[in-house]
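A.B. asks: Single-letter residue listing:
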Amino acid sequence: MQTDPTETRLRGLMLASLDGDAAAYRALLSELGRHLRSYFTRRLTPAFASHAEDLVQETLLAIHVRRMTYDRSRPFTAWLHAVAHHKFVDHVRRQSIRLTVPLEDDAPIFAHDDSADALARRDLDVVLDAIPARTGDLIRRTRIEGASVAEAAAAHGMSETAAKVSIHRGLKSLAARFAGGPK
Amino acid sequence: MTDDLIARLSADLKPVRRTAMPRLLIGALLVSGVVAAIAMLTLLGMRPDMEVATTTMMYWTKFGYTLAMALLGLAATLVLARPDGRARWPWLAAFGLLDVLLVIAVVQLARADDMMPLIMGSSILRALTYIPVFALPVLLAALLALRRMAPANPTLAGFAAGIMAGGTGAWIYAFACAETGMMFLALWYTLAIVIVAALGAVLGRYLLRW
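Sequence order for the protein chains is D and H. In this text, residue positions in the first sequence follow this note's numbering: the first is 8, and each later residue adds one. In this text, residue positions in the second sequence follow this note's numbering: the first is 59, and each later residue adds one.
Bear in mind the hints are in silico, worked out from the structure with no lab data behind them. The model shown is predicted, which means the values in this text are computed figures rather than measured ones. We treat Cβ as the ideally placed atom computed from N, Cα and C, and that holds for glycine. No false leads were mixed into what you were given.
With beta-carbon atoms standing in for the labels, derived distance ranges:
| id | chain 1 | residue 1 | chain 2 | residue 2 | range |
| --- | --- | --- | --- | --- | --- |
| 1 | D | R101 | H | R169 | 57 to 65 angstroms |
| 2 | H | L265 | D | S103 | 18 to 26 angstroms |
| 3 | D | R81 | H | D70 | 22 to 30 angstroms |
| 4 | H | L99 | D | R81 | 39 to 47 angstroms |
| 5 | H | M59 | D | R79 | 29 to 37 angstroms |
| 6 | D | I151 | H | M59 | 39 to 47 angstroms |
| 7 | D | E38 | H | D70 | 13 to 21 angstroms |
| 8 | H | I253 | D | S103 | 27 to 35 angstroms |
| 9 | H | P106 | D | H92 | 52 to 60 angstroms |
| 10 | D | S103 | H | M174 | 49 to 57 angstroms |
| 11 | H | R105 | D | R79 | 41 to 49 angstroms |
| 12 | D | R79 | H | R169 | 49 to 57 angstroms |
| 13 | H | D70 | D | A157 | 51 to 59 angstroms |
| 14 | H | D70 | D | D97 | 20 to 28 angstroms |
Looking at chain D on its own, in the form it has when it is part of the complex:
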């Protein structure tokens, strides 16, 4: 009969563990931890991805407490899969009973009106076209995108002072043009 090398290795470790070999047991649990992590991550929906580590720990604990239920004459991976599957189903059942949605996932009801955004962006482009491109870009970076003056200056290879002056002049000329002349 052909057996999978993973099965052979894990079963060997499990049999040694059941006989009390702590080193084999530690190696077994670390390897199982890795297998289980990818097993649960693949099965969990993104909203519950953060539960994968809890499930890994719960499963390792169950393996430890209930290791007497492994029948040494049967495949180890089948037993392991049954334990992990049980923990996964239990998790799904608990979540379906009191389904919790993280607050940030609750946003769609209060969604942004994207059309207003798009209009504002178009207006902004038109306005910033009225001043030199480099000044416009500095203003966009510092005032719209939230970059610091130093970062914006570095992006254009100019000193911080020069950038500040340039931004100031740009805003002044925009104000002059769109705010109905100097007051």
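Given the structure of chain D, go ahead and fit chain H onto it with the hints provided.
C.D. replies: This is chain H only, laid out in the frame that chain D set:
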């Protein structure tokens, strides 16, 4: 986090015997069976006509049927206590056994002049009360043992433990029961065992979660 857990668990490792699981369950069965037997002797006492009874087929049928149910329940429980356990043959065997008993009971009825005493007996309520009473310690001990195991289906494992407990309770009760009808055994003993099994299923559903 997980590494801490692994370190703690491997520090806590104790060797596990090959037969740890059957030992635990059979140990629970024997201890609780003794409790149930003492309860039977205190509450009811052995049937007075014991010496004559042991020469009748009815006595041994009761003895065999209930003991076989207890053992089939034990076999099913041992399989269902594992996360990857699937039991089929104990259920089929139990149904087969009941069928054989029903056939024998019908033959006995056909030969009898008066059928009703063989069916209804005179102690239905007594059997339906005491069998669950004697089964109760066995059921609780079995559930306690099962809590350390990993049944894939807690309800079904509880049901199997209930068949084992009901069979044991019925076997113990049989020593105090003077009924002579095979049909009485097939109907009322079986019903009592099924009641215990249903109780086991309900308790298992809640107590055997893991």
